[in-house]
Each structure stands twice: as structure tokens, then as C-alpha cells.
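**Q** In the numbering used here, each residue's number is its place in the sequence shown (first place is 1) plus 71.
Everything labelled a hint here was simulated from the structure, so no lab data went into it.
Each residue gets a CB set at the ideal place from its N, CA and C atoms; glycine is no exception.
Be careful, since some hints might not be right.
Unchecked claim - Here are the simulated distance ranges between beta carbons:
| # | residue 1 | residue 2 | range |
| --- | --- | --- | --- |
| 1 | Arg123 | Thr196 | 35 to 45 Å |
| 2 | Arg232 | Phe284 | 39 to 49 Å |
| 3 | Arg123 | Ala246 | 41 to 51 Å |
| 4 | Arg228 | Pro105 | 33 to 43 Å |
| 5 | Ser174 | Ser92 | 17 to 27 Å |
| 6 | Asp103 | Arg233 | 45 to 55 Å |
| 7 | Arg283 | Thr189 | 35 to 45 Å |
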Amino acid sequence: MPGGRLTQQERQQIALGLADSLPYAEIARRLDRPTSTVTREVMRNGGPIAYRADLAHRATERRAHRRGPAASRGAESTSQPHGRDNEAVAEYEETFTTVLMASGLSKMSSRVLTCLFTTDAGSLTASQLAQRLQVSPASISKAIAFLESQSLVRRERDERRRDRYVVDDELFYQATIASARSNDQLMETARQGVAILGPHTPAATRLENIARFLDFISESITRAAEQAREVLHAKPAATSNDAAHARPDHG
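Could you put the whole structure together from the sequences, leaning on the hints where they help?
**A** Shown next as C-alpha cells:
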């Protein structure tokens with residue numbers, strides 16, 4: 072599988088694939104590239120509707136020029152905890168951000184969420200987020216407001232009375248329940264349309280089927296979330312080496 076940066080010809084093939092409504096996986100297969108490479112390329116350059124090969128290629132060249140030697144030295148000076156590889160972590164964060172964007176989040180909300188998920192503490196202040204992402208406090212504030220509204224982050228005060236933004240084990244559960252509730256609202260609205268459009272009409276039948284589908288999905292999601300909730304609190308299983316170290320030495 073070839074590595075390195077995408078060529079201008081490959082970007083043109085991506086643009087043609089998007090014009091033909093091909094899925095990212097199929098475009099990637101034709102290029103012999105990872106799907107994540109194509110997804111990231113499209114999402115960081117306007118998305119599937121606005122992507123243009125020439126603009127994407129020029130934007131990549133500008134980013135590479137801006138990074139330059141000084142940026143490389145700065146990245147090297149920032150050591151990662153636990154012996155992590157700086158470049159591998161940066162690549163993973165970019166991939167995670169791209170996947171979140173593909174799920175419907177804005178770029179800044181995705182970057183903030185990725186930053187919180189990949190921080191061992193699972194919490195950062197607004198100033199720490201702005202510093203890590205090299206953006207303005209206003210950008211962080213807007214992204215956080217949206218993420219809070221979706222139950223994807225929560226706010227708490229630390230000992231210095233600063234707001235910290237947190238992702239924890241319960242947030243995925245809460246976000247899943249919130250998603251189920253949004254389905255409930257759509258289901259109720261569809262059922263209102265049945266009465267207005269007249270029972271047994273084609274339009275009413277369509278809306279009733281949508282409502283029944285959403286009712287089933289919402290109930291299934293809620294039940295599955297309750298059953299799987301404890302998974303979010305599970306600790307890593309101890310390895311045989313861990314167990315050996317934990318045993319007292321009676322020798």
C-alpha cells in the first residue's frame with residue numbers, strides 16, 4: 072500500500088469518484104490507499120460537495136510550507152507521555168477528527184472532542200484547548216457550547232475555580248439516550264402528520280411507518296444502552312505479567 076502525500080492526479084481521481092457518488096472505501100480501493108486517507112483528504116478540503124482537486128492540492132502545499140523546519144522542531148520539543156510517538160499521535164488525532172466530522176460534527180467541535188478524548192485526564196480548560204489547537208478562545212467557546220448541548224462534554228469547576236471541560240465514562244451513555252429522545256420527538260411529529268393528512272392515505276401511511284420504525288429503534292437503543300452501560304466503566308483486564316507482579320513474594 073503506497074504511503075506519502077497524495078499526488079495531484081490522485082486528488083483528481085478522488086474528485087471524479089465523488090462526482091460519481093462513489094463511497095470513500097471504493098475511491099480508496101481504486102487508489103490503493105487507506106479509506107481514512109481519502110476521508111481525511113475530502114473532509115479537510117470542503118467535504119464531498121465542495122471538494123476540488125486543484126484547490127485541495129494547493130492547500131496541502133501551503134500547509135506543508137507553513138509547517139517548515141521550525142514547526143518540526145516545535146513538534147519534537149513537545150514530548151508525549153508514556154513514550155508515545157508524536158507523529159503517530161498527531162496522525163491518529165487527525166484521523167479521529169475526520170471520522171467525527173463525517174458523523175456530522177463541525178470541524179472545530181470535532182477537534183475539541185478529539186483533544187479531550189485523547190488526553191489522559193479527559194478534561195482541559197478553555198485556555199488549554201485554545202493553546203493545544205492553536206485557535207481563538209471564541210472558537211473554543213462556540214464549539215463547547217454545541218458539544219454541551221449534545222451531552223458530549225460536561226463542565227465542572229476545578230480547585231482554582233476554572234471551568235474545565237470533561238469527557239467521562241457516562242457521557243457516551245447520556246449522548247446515546249439524548250439521541251433516542253430526539254428520535255422520540257421525530258416519531259411524535261410523524262404521528263401528528265397521520266391525523267392531519269388523513270388515515271389510510273399514502274402520505275399518512277408513509278409517516279405512520281416512519282413513526283413505527285423510529286419507535287422500535289428508540290426503544291432498542293435505550294434498552295441496549297442500559298444493558299451496555301457497565302461496559303463504559305470496565306477496567307482493562309489484568310495480564311499474566313500484572314498478576315505475577317501483584318502476587319506477594321514469600322520466597
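**Q** Determine which of the earlier numbered hints do not hold for this structure and return their numbers in increasing order.
**A** 3
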